[in-house]
Amino acid sequence: MSDNTKSTNTDHSHVQHVEPYTPQFGTMIPSGAQKFMRTCVLWQIVRFLAINVKMMTLIIKSHH
Amino acid sequence: MLKFFLDKLINLINEHKEFNMARLVILGAGVAGHTAASFAAKWLGKEHEVVVVTPNAKWNWIPSNIWVGVGEMTKEEVTFDLAPVYAKTKIIYKQAKAVSINPEGSDKLDKSFVTVEFTGQGKEGESEEVEYDYLINATGPKLNFGATPGLGEGTTMGEHTVSVCTADHAVHASHELEACIEKMKAGERQKFLIGTGHGMCTCQGAAFEYIFNIEHKLQERGVRDMADMIWISNESFLGDFGMGGLHFKMGGFITSSKVFAESLYAERGMDWIIGAHVNKVEKGMVTYESLDGSINTQDFDFAMLIPPFAGVGMKAFGKDGSDITDTVFAPNGMMKVDADYSGKPYAEWKPSDWPKTLQSPVYKNIFAAGIAFAPPHPISKPMKSANGTPITPTPPRTGMPSAMMGKAVISSIVDMMTGKTTEPTHTSSMAEMGAACVASSGKGLLSGTAAAMTVFPIVPDFEKYPGTGRDINGTTGEIGLAAHWVKHLLHHAFIWKAKLKPGWTLIPE
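One line per chain: the protein sequences are A and B, in this order. Residue 948 in the numbering used here sits at position 39 of the first sequence; the count goes up by one each step and never skips. Residue 367 in the numbering used here sits at position 383 of the second sequence; the count goes up by one each step and never skips.
Careful: at least some of the hints might be erroneous.
[Claimed, not checked] From the structure, some residues in chain B lie toward chain A, with a derived Cβ separation under 8 angstroms:
1) 250
2) 436
3) 438
[As the list claims (entries may be wrong)] Residues from chain B that keep clear of chain A, each with C-beta distances beyond 12 angstroms, as calculated:
4) 60
5) 113
6) 150
7) 164
8) 242
9) 268
10) 308
11) 310
12) 324
13) 387
14) 467
15) 475
The hints are simulated quantities; they were obtained by calculation from the structure and are not laboratory data. The structure presented is a predicted model; accordingly, all values stated were derived computationally and were not measured. Don't be surprised by glycine CBs; every beta carbon is placed ideally from N, CA and C.
Isolated chain B, as found in the complex:
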């Protein structure tokens, strides 16, 4: 009899739990998505479901792809399998890509859902409708190689250049680099062209770090004198970095990142082409349009050109099946959040234009984090060539900003899911956060020197910080071995953290 009542009681408790159980779906397992998923699993426990949808089987510490791209690290050292990590934390993992969102459900399903298409787990090509109570869009970017003729097709890299955007791309780049080194050893001079492959690229920092790693590698291998090295970028000045440049204390002056970056290139005997929109890539040659409207060419033997980023191309549908993609996403495919998208001119830009909560203004249970959210406008001053072609770096939001956004968004959602509030409780505006960038030159602990930069805030605020727009005590830059050690520390610490090994929460993001 007692057992009968106990079973009834347990059933009642379980039914109550299921009734209150909510499901959080996270699209993407990059820096933002994985950070959000990790904290969701920790904070929500078994009371709620956490589902991660990502087309990738492996997590990749992308900053170290640079070292893979010069043969200093293997793919295995910068990636690990996601499935075991999610299995131990009870996160439901679907190796699939998100195709569309139905925020209002459909004529068959009342609940909000995402349609996904599997890319692994033995279900390749199968579709599934994954219901959600809360959704985080952290898909990251689509590598839009197809935007520049010859750079690639769609998301596939072309045959004329290399990339370090993924670990596989970086492995390929290292093989190509090795082939060039062998040619130089045999007495054949080589020309290296590194930079951005389109006028609207971001992520100049990755290319910046890669060119210095190549230069260091060539020095190490004794063939530097056989190489011509050229930087090509859509920045209107060296050191813009998609943030309109920055200033920091150096040698008794408040020095511009323009001088800082130019100095690094000059010291290493590298030339630069700036304000360039690469509009065609052929075997051994790029064609680019400059800000003055001139059309020029540059030949190369080895080229690493970062592609422009776009949204991953998800669609959105209303309950009646109508296409509401324009309501949920910006024209570039990034998700609209609580930003000012009025398209006002540069002179009227304000830090308050930037999103704070990263919540969709239309669907309050949808958030975006990392590269997936649509910036209201660039940070760098928009430039057009004399022919009217836009040549402006787009805002950087990889790495540290992505992780911060992921944590802020999940903090808000957890508060909402657990009934503490109905509104987001945390903010993560790029106008109120800083970022750190460590650009290595080689991997040695006692050789090579890296540049370590910090910037606060990422979006300049000339009202709060008159003069340079940034906190001069929080915005710094220096060159030295110490920055190399920091890069090593970050590599090991963040892979440890991403694997959710003991003490992972103590490593700050």
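With the rest of the complex left out, here is chain A:
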């Protein structure tokens, strides 16, 4: 798959090539925007707080 990962279409250059009719072809592939948000520090600070809140809620609900 690695040989075919670069698209020649510049509009879709952020989209990873997946070989048709392989198991990988049947799933979702992150878009460029999605990948950007994963490493966008400002957004990730928000997500860090959100994950901590989720985990604390989970812990509180789990103790009996």
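Position chain B against the provided structure of chain A, taking the given hints into account.
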């Protein structure tokens, strides 16, 4: 004269204290055992004795072994000596392994006791009978490498594969990985096989995190294009995780963990083999049976295969010396507790099958916590190959669930020891608790991305949560740098907590 009466009074008080003093023995100092011991020492004070029996000299934050396994951390960063921590809290520490339990005593001893065999403290090989009033079995698992020919012998890892189950294993794995990287730099293509080494393994999450860390490491070192990466697992679908999968909100849909996990593998150009029971490991090759009954092989240059877990193999004896191991333990060596072990079929499984108090149904002063308790059945749907070989992930109960169980059990025992009650007061059912899993890919604060997942409850409850069986607001999954930061936070917070440093009780488990 006054001094004489004062001394008498002090003696009387001390005798009264000794008369009422009870002894709690905790077998194991992993997440469950250490959590229980820490709270026992805090809550029971000097009024009662707390004894910890563990064959290990060091405590290990196992989740960070993944980083040790790719050379991002040292063994010293994920372990610390137990003796000084227990010394400062007045916990009696015996570096020994438990061999057997006599819940009714013996013909020589009226009281319940555990027979232990020392592995350190200058008493290696010596045996001792440790009496108890209350017992917590938190031994964790036996790493059963011997279950798969070639994977290892007994609890000893073999020479063909590596492991990240212990800090020492992870150090060895990092050296092997480095050797592969050097070969790739020299132009030699390498094949990486990561996953489970038997059809009945649990802990897929650890292997899942390890393969992503290796992939990230290879990217970082500029040799990713020289590597073929393959996941092999006993899960019937990617993202089963031993919990029958999970669902969470993503992109306007309630998405399956199957799609989530497949996406992660596809994005990184990794292949996967699922529904596989690895039944033989040789140099550079595994043989595995698939769910369709076919027997296949897969070659590799580097393989990290998680071994199956079993109980540590303790025996139990009655007062007359008769073997009552079957009464106290399940056939896999895990301890029977207040679960439904009737062996009913999958269609009849209920959340109420899972233990609540973790108390032995036969001996009310014995509890089990963490991996040491016997689950009533898997969470994933049991699968068999066309040849009848069971290929089913066993339930995960490491990490957060273990800590919660440890705290619930010690809360009940403290109430019982202090005379508040005669029955357990706290519960910790996996059908009523959640879990969080953070799988990193690398260790960088600004590079790499991790997957953070939460699930509630661990055992799906389709009556309470129609549809997916889980609380859709409490079951989540996302990928990003933030999860990396959470992993770093958990590493430092839990080592701080385990060392019982100031404010440790404020860090929730």
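Tested hints:
1. 250: OK, holds: residue 250(B) within 8 angstroms of chain A, min 4 angstroms.
2. 436: The hint holds - residue 436(B) has a Cβ within 8 angstroms of chain A, the shortest such distance being about 5 angstroms.
3. 438: 5 angstroms, holds
4. 60: 28 angstroms, holds
5. 113: Label holds. Min Cβ-Cβ 35 angstroms, cutoff 12 angstroms.
6. 150: 26 angstroms, holds
7. 164: 17 angstroms, holds
8. 242: The claim is violated: residue 242(B) sits with its nearest Cβ about 8 angstroms from chain A, within 12 angstroms.
9. 268: Residue 268(B) is indeed farther than 12 angstroms from all Cβ atoms of chain A, at 22 angstroms.
10. 308: Since the minimum Cβ distance to chain A is about 31 angstroms, residue 308(B) lies beyond 12 angstroms and the statement holds.
11. 310: 30 angstroms, holds
12. 324: About 19 angstroms separates residue 324(B) from the closest Cβ of chain A, which puts it past 12 angstroms; holds.
13. 387: 10 angstroms, violated
14. 467: Incorrect as stated: the minimum Cβ-Cβ distance to chain A is 7 angstroms, not above 12 angstroms.
15. 475: 14 angstroms, holds
This entry does not satisfy hints 8, 13 and 14, going by the numbered hints stated previously.
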